[in-house]
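Colleague: The residues making up each chain are set out below.
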Amino acid sequence: MAIIVAERECFGCALCVLTCPEDAMRIPPSFIVEIDKDKCTECRECLDYCPVDALSEA
Amino acid sequence: MEKKTCDCVVVGSGIGGMCAAAKLAHSGYKTIVIEKLPIIGGRYTQIEYKGYQIPTAAWMILYGKNDPVHLTLNEVGAPEIEMASTGPIPQIYRMGGKDHAMEGKGALRDMISWASRDKDEEERIMTALKRAILWYEPPDTMTFDDWLFQFTDSKTVHNLFQCLVAAWAGANSWEVTAGQWFRVLKGMAVGGNPFILKNGVKDVTDALEKVIRDNKGEILTRTRAKRIIVEDGFARGVAAEREGEGLEIEAQIVISNAGPRRTIELGGEDSFDRAYLKEVQEKVRPATGIDYMITSDEPLLEAPTVLFTADTQRLECFVGDRTPDGKYILRSASVPESTAKYSAEQEYAIFLQDLKETFPDFDKCGGKILIARNFYSDWPFYGTWPGDCLTQKTPIENLYNVGDAVIPEGWVGGSGAAESARVVVEDIKARVKPR
Numbered sequence: 001m002a003i004i005v006a007e008r009e010c011f012g013c014a015l016c017v018l019t020c021p022e023d024a025m026r027i028p029p030s031f032i033v034e035i036d037k038d039k040c041t042e043c044r045e046c047l048d049y050c051p052v053d054a055l056s057e058a
Numbered sequence: 059m060e061k062k063t064c065d066c067v068v069v070g071s072g073i074g075g076m077c078a079a080a081k082l083a084h085s086g087y088k089t090i091v092i093e094k095l096p097i098i099g100g101r102y103t104q105i106e107y108k109g110y111q112i113p114t115a116a117w118m119i120l121y122g123k124n125d126p127v128h129l130t131l132n133e134v135g136a137p138e139i140e141m142a143s144t145g146p147i148p149q150i151y152r153m154g155g156k157d158h159a160m161e162g163k164g165a166l167r168d169m170i171s172w173a174s175r176d177k178d179e180e181e182r183i184m185t186a187l188k189r190a191i192l193w194y195e196p197p198d199t200m201t202f203d204d205w206l207f208q209f210t211d212s213k214t215v216h217n218l219f220q221c222l223v224a225a226w227a228g229a230n231s232w233e234v235t236a237g238q239w240f241r242v243l244k245g246m247a248v249g250g251n252p253f254i255l256k257n258g259v260k261d262v263t264d265a266l267e268k269v270i271r272d273n274k275g276e277i278l279t280r281t282r283a284k285r286i287i288v289e290d291g292f293a294r295g296v297a298a299e300r301e302g303e304g305l306e307i308e309a310q311i312v313i314s315n316a317g318p319r320r321t322i323e324l325g326g327e328d329s330f331d332r333a334y335l336k337e338v339q340e341k342v343r344p345a346t347g348i349d350y351m352i353t354s355d356e357p358l359l360e361a362p363t364v365l366f367t368a369d370t371q372r373l374e375c376f377v378g379d380r381t382p383d384g385k386y387i388l389r390s391a392s393v394p395e396s397t398a399k400y401s402a403e404q405e406y407a408i409f410l411q412d413l414k415e416t417f418p419d420f421d422k423c424g425g426k427i428l429i430a431r432n433f434y435s436d437w438p439f440y441g442t443w444p445g446d447c448l449t450q451k452t453p454i455e456n457l458y459n460v461g462d463a464v465i466p467e468g469w470v471g472g473s474g475a476a477e478s479a480r481v482v483v484e485d486i487k488a489r490v491k492p493r
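From first to last, the protein sequence lines are chains A and B. Numbering-wise, the numbering used here puts 21 at position 21 of the first sequence, and it's gapless, one number per residue. Numbering-wise, the numbering used here puts 207 at position 149 of the second sequence, and it's gapless, one number per residue.
Quick caveat, the hints were computed from the structure, so don't treat them as lab data. Cβ coordinates follow ideal geometry from the N, Cα and C atoms, glycine included. Mixed in with the good hints there might be a few duds.
[What the hints assert, rightly or not] In silico DSSO-like cross-links for lysine-lysine, where the CA-CA straight-line distance does not exceed 30 Å: (1) B:Lys188 x A:Lys39; (2) A:Lys37 x B:Lys491; (3) B:Lys108 x B:Lys213; (4) B:Lys487 x B:Lys123; (5) B:Lys88 x B:Lys163; (6) B:Lys108 x B:Lys177; (7) B:Lys451 x A:Lys39; (8) A:Lys37 x B:Lys487; (9) B:Lys268 x B:Lys284; (10) B:Lys244 x B:Lys188; (11) B:Lys274 x B:Lys61; (12) B:Lys284 x B:Lys123; (13) B:Lys491 x B:Lys268; (14) B:Lys61 x B:Lys451; (15) B:Lys274 x A:Lys39.
[As the list claims (entries may be wrong)] Covered stretches of chain A (chain B as the covering partner; in silico rule of three or more C-beta atoms under 8 Å from a C-beta of chain B): (16) 11–24; (17) 33–41.
[Unchecked claim] Residues from chain A that keep clear of chain B, each with C-beta distances beyond 10 Å, as calculated: (18) Ala2; (19) Ile4; (20) Val5; (21) Ile27; (22) Pro29; (23) Glu45; (24) Ser56; (25) Glu57; (26) Ala58.
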């Protein structure tokens, strides 16, 4: 299991970055969010925060 | 399936939805707000990040004492909110290699006088502006920039207006129509000095939340609207999902703060007449751009000061500020050449160059970009370009929209969203009694 980003949907609003309890997300210059797999605990909090449903669990 | 009954159900807890809900609850309507996100407030709150309070978008009460947000708080009896600043905020316009401060009464005239090449040009522009505001509103068939070219080709004057248009409309002067811009300009004249809140705009959202709960209202977060229930052309409630369970809320009135496009999806396209669908299709265009929160050890810009830079590759607006615990921050928004379509990656690269040009001591002052965010699509600066004035009512009876995509004439942003709530609540009070 892992959190995956729908690259066509994500545009870098950063709500997930601001609310990730593990500080596992960041906005790179592409403005498509990146997830640090080592930090991510798959708590799924970011799924609830994404305003455009660009995040999901694979 | 859990069932609830109320007078008014509000989909979305942005400032428009919260103002509507607080007014209604305060007037005796049993009100339920449902919110998809885990937090209340949408783009009108803040989140703590690395020791800083980061606004989700809005960060001040734009029109001060005349602001619909401020008036709503008073009306519903919310306690006073602590302000960091209620006075004029110094504004600097950097154009043609010079800085010009805009302040006090007649500031716009001073600016135009400064930007014009001679007295004739100044008079020509002033007369045209006055006529457009007081007598004849130019139509939406021409962009504001083209309208201005009729009276001047001065780059400085065009830049001056580009600063104002970008700051207030979240779009470029060559994108908004003359009509749209003059409708915004009229509102600017009505407003007072902006209020900057000591602890951020979350205080507003918290105060409204308390009013709603104190008046027997409910706010359900992590609750996603699935469908607006429509029967025989009337809205009857909302079907939602909460923690994987179905929730049906039956109501006399449905208010959507989810944006007109989402409202149509929720109600089902077939329930709306074609003219309305066409209007939404044409008018609902988000105002977009990239926002930067910058921290520094030494101040890059005095707090509070607004700096507009027209000489850089993009027009940027920088706001110097300090946190309540004294840390220096610099907020910035950069407006892409086309707000309809741009590469965020490219805009970011351009911003970095502009930043170094504007603040040569950036590194020496310990400047760091804390976070760069792209406001776009369903999470924009503004739900639509100001001055577009889509109606709050929908073809479905008892279904209203509120929020920054249905702002009444003359207002912008969260303040305009609050004004849309005022208009909607007035209409509800005149038509429907609490059960």
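Colleague: With reference to the structure, classify each hint as holding or not holding.
Modeller: For each hint, the structure was consulted:
Between the alpha carbons of Lys188 (chain B) and Lys39 (chain A) the distance comes to roughly 59 Å, so the proposed pair goes past 30 Å and is violated. Restraint check for Lys37 (chain A) and Lys491 (chain B): not satisfied, since their Cα atoms lie roughly 54 Å apart, outside the 30 Å limit. At most 30 Å may separate the alpha-carbon atoms for a hinted pair to count; Lys108 (chain B) and Lys213 (chain B) exceed this at roughly 42 Å. Between Lys487 (chain B) and Lys123 (chain B), the direct Cα distance comes to roughly 25 Å. Compliance with the 30 Å bound is thereby established for this hinted pair.
For the given pair, Lys88 (chain B) sits about 45 Å from Lys163 (chain B) by alpha-carbon distance, which is inconsistent with the 30 Å threshold. At roughly 52 Å between alpha-carbon atoms, Lys108 (chain B) and Lys177 (chain B) are farther apart than 30 Å, so this suggested pair is violated. Distance check on the hinted pair: Lys451 (chain B) and Lys39 (chain A) sit about 47 Å apart at the alpha-carbon level, beyond 30 Å; violated. Of the pairs offered as hints, the one joining Lys37 (chain A) and Lys487 (chain B) is violated, with about 52 Å between alpha carbons and a cut-off of 30 Å exceeded.
A C-alpha spacing of about 26 Å is found between Lys268 (chain B) and Lys284 (chain B), which places the hinted pair at or below 30 Å, so the restraint holds. For the given pair, Lys244 (chain B) sits about 11 Å from Lys188 (chain B) by alpha-carbon distance, which is consistent with the 30 Å threshold. A distance of roughly 17 Å separates the Cα atoms of Lys274 (chain B) and Lys61 (chain B); the hinted pair therefore holds under the 30 Å criterion. At roughly 38 Å between alpha-carbon atoms, Lys284 (chain B) and Lys123 (chain B) are farther apart than 30 Å, so this suggested pair is violated.
For the hint pairing Lys491 (chain B) with Lys268 (chain B), the CA-to-CA distance comes to about 23 Å; that is within 30 Å, so the pair holds. Under the criterion of a C-alpha separation no larger than 30 Å, the hint pairing Lys61 (chain B) with Lys451 (chain B) is consistent with the structure, at around 26 Å. In summary, the hint linking Lys274 (chain B) to Lys39 (chain A) is not supported, as the alpha carbons are separated by about 42 Å, beyond the 30 Å threshold. Given as covered by chain B, the region 11–24 of chain A passes the check, having 8 residues with a CB less than 8 Å from a CB of that chain where 3 are the minimum.
For the region 33–41 of chain A, the stated coverage by chain B is not satisfied: 0 residues place a CB nearer than 8 Å to a CB of that chain, which falls below the threshold of 3. Under the 10 Å C-beta cut-off, the non-interface status given to Ala2 (chain A) relative to chain B holds; the minimum distance is some 21 Å. Even its closest Cβ contact with chain B, about 19 Å, leaves Ile4 (chain A) beyond 10 Å, as expected for a residue assigned away from the interface. For Val5 (chain A), the requirement that its beta carbon stay farther than 10 Å from each beta carbon of chain B is met, with the minimum near 14 Å.
In this structure Ile27 (chain A) is not separated from chain B by more than 10 Å, as the shortest Cβ-Cβ distance comes to only about 6 Å. Not every Cβ of chain B is farther than 10 Å from the Cβ of Pro29 (chain A); the closest lies at roughly 5 Å, contradicting the non-interface assignment. The claim that Glu45 (chain A) is not at the interface with chain B is violated, since a C-beta of that chain comes within 10 Å of its own (minimum 7 Å). For Ser56 (chain A), the shortest C-beta to C-beta distance to chain B comes to about 14 Å, beyond the 10 Å cut-off, and the non-interface label holds.
The non-interface label for Glu57 (chain A) is consistent with chain B: the shortest C-beta to C-beta separation is roughly 14 Å, beyond 10 Å. Residue placement check: Ala58 (chain A) keeps its beta carbon more than 10 Å from all beta carbons of chain B (closest about 19 Å).
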